[in-house]
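Quick note, the sequences are listed as chains A and B, same order.
First residue of the first sequence: 33, per the numbering used here; consecutive thereafter.
First residue of the second sequence: 33, per the numbering used here; consecutive thereafter.
One or more of the hints may lead you astray.
[To be verified] In silico lysine-lysine, DSS-like type, Cα no more than 27 Å apart, as pairs:
1) Lys125/B - Lys125/A
2) Lys134/A - Lys211/A
3) Lys125/B - Lys82/A
[To be verified] Some chain A residues well away from chain B (every beta-carbon gap over 12 Å; in silico):
4) Ala146
5) Thr147
6) Glu200
7) Thr232
[Claimed, not checked] Beta-carbon label-pair distances, calculated as ranges:
8) Glu101/B - Glu35/A: 27 to 33 Å
9) Lys125/A - Arg223/B: 25 to 31 Å
10) Gly38/A - Glu235/B: 33 to 39 Å
Treat the hints as calculated values from the structure; they're not laboratory data.
These numbers were taken from a predicted model, which means no experiment stands behind them.
From the three backbone atoms N, C-alpha and C, an ideal C-beta is built for every residue, glycine too.
Each chain, written out:
Number of protein chains: 2
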Amino acid sequence: MSEIGGRTIDGFLAQLASDAPTPGGGAVAGLVAANGAALIQMVCNLTIGKAAYEEVDERMREIDAEAGEARSAFLDVADRDATAFDGVMAAFKMPKETDAQKAERSHAIQAGYATAAVVPMECAKRAAALMSLAAEVTRIGNAQAASDGSSAAQCLSAAVWCATYNVEINAAALKDQAKAQALRDEVSGLRASTQALLDTANEAFWERI
Amino acid sequence: MSEIGGRTIDGFLAQLASDAPTPGGGAVAGLVAANGAALIQMVCNLTIGKAAYEEVDERMREIDAEAGEARSAFLDVADRDATAFDGVMAAFKMPKETDAQKAERSHAIQAGYATAAVVPMECAKRAAALMSLAAEVTRIGNAQAASDGSSAAQCLSAAVWCATYNVEINAAALKDQAKAQALRDEVSGLRASTQALLDTANEAFWERI
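In isolation and in its complexed conformation, chain A is listed as follows (with noise of 0.2 Å):
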């Protein structure tokens, strides 16, 4: 069970407007995924046991469960983005009177933005993953929720990239170029391919409406 899955809309809705630095865009990245994998859920939910999708009422079930567990993981990213930046923090804390002190100090600062661009990386991927179950419920799930299906597929972008932004802000921060460059490329890729699916669930929905 997630701490953030227990609150009220208003209550994190609150918080979220505060000047409390967390949550923010990372919070609502994994809310916002959470909210396009029930979609998907609904979707299937709306087409197991209907006579007319006999067909596809074993995948459907699948999709569902899948569906589930990533609902479930996105609200656990909710709740760690809260945290992902508090070894840059405790880096920054860090004594810097003397040059071993200093090198020391700046080597946790770097390794700090490498990690605290872990999370919001994580969250993107498995949410550009999930697009392509987005699509496919709208193309073959119950017609009548086939704007329910692309409203995932709108959800899970908007979460790829809500996660991203703070993937590139800390690549932004490191010193290793290599590394920098490696982030954003798969930051890249991530939306390239979350764009490609956006396009493919909206297409499905023209079809199917």
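Based on the hints, put chain B in the right spot on chain A.
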């Protein structure tokens, strides 16, 4: 106080994932837009009172108030989405024995579809209008919160799309082709302006990191 705002995130997501016809993509449009509005407020609140941002202080206070109002309106939209389709459902249950009854029922169904497009169109218009504030806070607000500003733009864009899928569904059911085309044209216009402002917010983000 909205009904949805009082629910827990887990409770909302469980109902979303179920086979209940509402909440669905329409309610998610309202919720995701409310997250976008709250993220705009977050950037404002991380900027207000900061010495380095004194010259934008007053503007940030204005934007904070405007985004706060929009946030409530979006949760209200999420509440009303559940009943938007009620008129269509009621019309389908009208008697259809005589020719006069058939004509009356058909007329009521058509009126129901036109009415069902009103709530999602209102959500889409309001989310599209708020995009310019997301781009503005990303450009002139606290640079350390630039990713929260561009995340706000992503949420609002996703909300415009989720809401307008529902407008398109209702437009597709209309026999009045002129009215249907007018709705589709309005949807196209909102999506185009949304994309332009999303690009603006992204450019502002990349300039500031």
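For which of the previously enumerated hints does the structure constitute a violation, in increasing order of number? 1, 6 and 9
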